[in-house]
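Novice: Chain residues, written in single-letter form:
Number of protein chains: 2
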Amino acid sequence: MANVRSTQELLKSFEDFMKGLDWSKPPHSLYVPVEYILTLGGKRIRPISLLHISQILDGNTEASMHAACGLELFHNFSLIHDDIMDQSELRRSKATVHKKYGLNAAILSGDVMMIESMYYISQAEKRSGKTGLMDLFVQTAREVCEGQAMDMDFEDRSELNYAEYLEMIRLKTAVLLAFGFKAAAIVSDQMDSADLLYDLGIYTGLAFQLEDDWLDFYAEEPAFGKIKGGDILNAKKSGLILELMEELNDYEKSEFINWYQQERDDTIRISKMTGYFNQYAIQEKFKQRIFTFQKKAFDCIDQSKLNDDQKKKLIEFITGIFGRKI
Amino acid sequence: MANVRSTQELLKSFEDFMKGLDWSKPPHSLYVPVEYILTLGGKRIRPISLLHISQILDGNTEASMHAACGLELFHNFSLIHDDIMDQSELRRSKATVHKKYGLNAAILSGDVMMIESMYYISQAEKRSGKTGLMDLFVQTAREVCEGQAMDMDFEDRSELNYAEYLEMIRLKTAVLLAFGFKAAAIVSDQMDSADLLYDLGIYTGLAFQLEDDWLDFYAEEPAFGKIKGGDILNAKKSGLILELMEELNDYEKSEFINWYQQERDDTIRISKMTGYFNQYAIQEKFKQRIFTFQKKAFDCIDQSKLNDDQKKKLIEFITGIFGRKI
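Taken in order, these protein sequences are the chains called A and B.
Residues 6 to 331 in the numbering used here are what the first sequence spells out, letter by letter.
Residues 6 to 331 in the numbering used here are what the second sequence spells out, letter by letter.
Keep in mind that a hint or two might mislead.
[Stated by the list, open to error] In silico SDA-like links for lysine to any residue, alpha-carbon gap of 25 angstroms or less:
no., chain 1, residue 1, chain 2, residue 2
1, B, LYS30, A, PHE159
2, A, LYS104, B, ARG49
3, B, LYS105, A, LYS233
4, A, LYS30, B, LYS24
5, A, LYS131, B, ASP200
6, A, LYS104, B, ASP200
7, B, LYS104, A, ASN109
8, B, LYS24, A, ASP140
9, B, LYS30, A, TYR167
10, A, LYS30, B, TYR106
11, A, LYS24, B, GLN144
12, A, LYS105, B, LYS233
13, B, LYS30, A, GLY134
14, B, LYS30, A, LYS318
15, A, LYS30, B, ARG162
16, A, LYS105, B, LYS24
17, A, LYS131, B, ASP140
18, B, LYS105, A, ASP158
19, A, LYS24, B, LYS233
20, B, LYS233, B, ARG49
21, B, LYS104, A, MET157
22, B, LYS30, A, GLN144
23, A, LYS30, B, LYS104
24, A, LYS241, B, TYR106
25, A, LYS104, B, LYS24
26, B, LYS135, A, GLY134
27, B, LYS30, A, GLU148
28, A, LYS135, B, SER34
29, B, LYS30, A, ARG147
No lab work stands behind these hints, which were simulated from the structure alone.
Just so we're clear, the structure is a prediction, and the values are computed from it rather than from any experiment.
Same shape as in the complex, but just chain A (with noise of 0.2 angstroms):
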């Protein structure tokens, strides 16, 4: 209970720092949009991780706010882009940014959040006395977009594999929270442990973003701004899909995806889409595969060279995160 009181606490005082930032400077057409995004609101995944674990860490707390203020500044830039670019309506059952102010708006006020997001990264390396911030984000930015264009270029292919989708979510989501945790090492001056929590980030995000594919289709209760089985409404690539796609042969893969990509009728999406799944055991197969990265996760926190109470305190922190109904 304490760990979770302290989440909460975190949170406020990162939305206080947050409420601080003025967009109401001129041109308001550049910065109105930037205000709307961030009181869309979202659960401050990335921020609150690099937050919380700098606690655990005993770090900077000056440069871990500016740090975590950076890391959500670029991952709503790269919502107003990406939203632009998956022709996306609404956001947290909200307008997104060029539906709402237009796409010049958009993408202006995505570049603008970014400079920002550089701007508090290295505020933060500056407040820390330690170097290495600014390069590990330059990298992670690039490794974003990186991501995001491995996206595009998916939605033009209709097999994909495995292998390649987990790179994609990799780079396009697991890099993000990777450095929150990584950055956290860096402002506490825990540098022999840096590279473990990094890979900790990368794993906890991967297992995250299955988890997210996984509730998706399985939620009693979808998330908030959510549809019920969007991904296979949408015909969107997802994590059960590619574990089906492994299980299925030549002649049934082709087949399914033809069925997959024409299909209109919602009702007989899902139903059919969960008869695929009873099949062939996908439920099982998948939480497996979420298990065994958060397997590796746990194992990061094992092998580093944090002390007792350090690592019983991550292990909550990362048990919490993975607490969601699966």
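On the provided structure of chain A, position chain B as indicated by the hints.
Specialist: Just chain B, lined up with the frame of chain A:
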């Protein structure tokens, strides 16, 4: 003549450095458009200014080259995104990135170029052993976005005053040149003169942009890839038009604006515009504005703490930039 040769040598070594960057890595959908825009050429006035001034001030060569590379990458990122926003189909007589590779690739390749620009600036800061480059760059990048936002805001307004136009071109154009000028001072450890070199860059940039407006209408041979009078034909905001506005009373102004926005015949546009400009002696008044900025630029050199030899070489270099036929 030695000065001219030297600029060409710097250009050669800059192009060699840029050719050394690897854009053949995957995902190709992300990096091929980056290589494309970089090979469209251009005067490279920003990086060459940085390299030339750094050479005059005996600055760190490696740091200068990395800063120049970051500057050019950022400039090209802004071209890609601006071309989307302006719906431009041609850049240097070739297809713009979004026309050639599509909107999504143009957004994302622009994003990754901006990230790469931050990488090279951060490398420059490290190699120079001086602080301040990254902060200055982030501030500059933010201002370029603000300038582009102002430019787009202006599209929706029929009236505009000269001061607003100047502020817009200061942000959209001059600050990037000024970054290069001040960066040269930073990597040369000439901090005493850094702010005056920044101002020199601003005045040079303003004079340069106003010259561009002038040459667009009055050049005997329009520059490669440009149409003579293109600004006027496309009803763009231009310094010449705003100079004219300063001369008209409210009635004449609204009459002019109506005509300017509605006239479709190119020959009539050009001839009537020429008539307006002659009637109000706009050509002379506008030249005077440009000369005033050039004078301010030379004053900055004069007031700086550089030695006489450095001042002489800097005056030669700036005179070369101002050497176009106006």
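Novice: If you draw a straight line from the CA of LYS131 of chain A to the CA of ASP140 of chain B, is it 25 angstroms or shorter?
Specialist: holds (11 angstroms)
Novice: Given the hint that LYS104 of chain A pairs with LYS24 of chain B, test it: the Cα-Cα distance must not exceed 25 angstroms.
Specialist: Cα-Cα ~39 angstroms, so violated.
Novice: Run the distance test for LYS24 of chain A versus LYS233 of chain B: straight-line Cα separation, threshold 25 angstroms.
Specialist: violated (49 angstroms)
Novice: Need the status of pair LYS104 of chain A, ARG49 of chain B: alpha-carbon distance at most 25 angstroms?
Specialist: Given that 25 angstroms is the threshold and the Cα spacing comes to 36 angstroms, the pair is violated.
Novice: Would you check the hint for LYS30 of chain B and GLY134 of chain A, treating anything up to 25 angstroms between C-alpha atoms as holding?
Specialist: violated (34 angstroms)
Novice: LYS105 of chain A and LYS233 of chain B were given as a pair; does the straight-line alpha-carbon distance stay at or below 25 angstroms?
Specialist: violated (38 angstroms)
Novice: With a cut-off of 25 angstroms on the C-alpha distance, tell me whether LYS30 of chain B and LYS318 of chain A pass.
Specialist: Not OK: LYS30 of chain B and LYS318 of chain A at ~40 angstroms, beyond 25 angstroms, violated.
Novice: Can the restraint linking LYS30 of chain A and ARG162 of chain B be considered satisfied, given a maximum Cα separation of 25 angstroms?
Specialist: holds (20 angstroms)
Novice: For LYS233 of chain B and ARG49 of chain B, compute the direct alpha-carbon distance and say whether it is at most 25 angstroms.
Specialist: holds (22 angstroms)
Novice: Assess, step by step, whether the Cα of LYS30 of chain B is no farther than 25 angstroms from the Cα of GLN144 of chain A, and give holds or violated.
Specialist: holds (15 angstroms)
Novice: LYS30 of chain A and LYS104 of chain B were given as a pair; does the straight-line alpha-carbon distance stay at or below 25 angstroms?
Specialist: violated (34 angstroms)
Novice: Next pair to validate is LYS30 of chain B with ARG147 of chain A; report whether the Cα-Cα distance is within 25 angstroms.
Specialist: holds (12 angstroms)
Checked against the numbered hints above, the structure breaks hints 2, 3, 4, 6, 10, 12, 13, 14, 16, 19, 23, 25, 28 and satisfies the rest.
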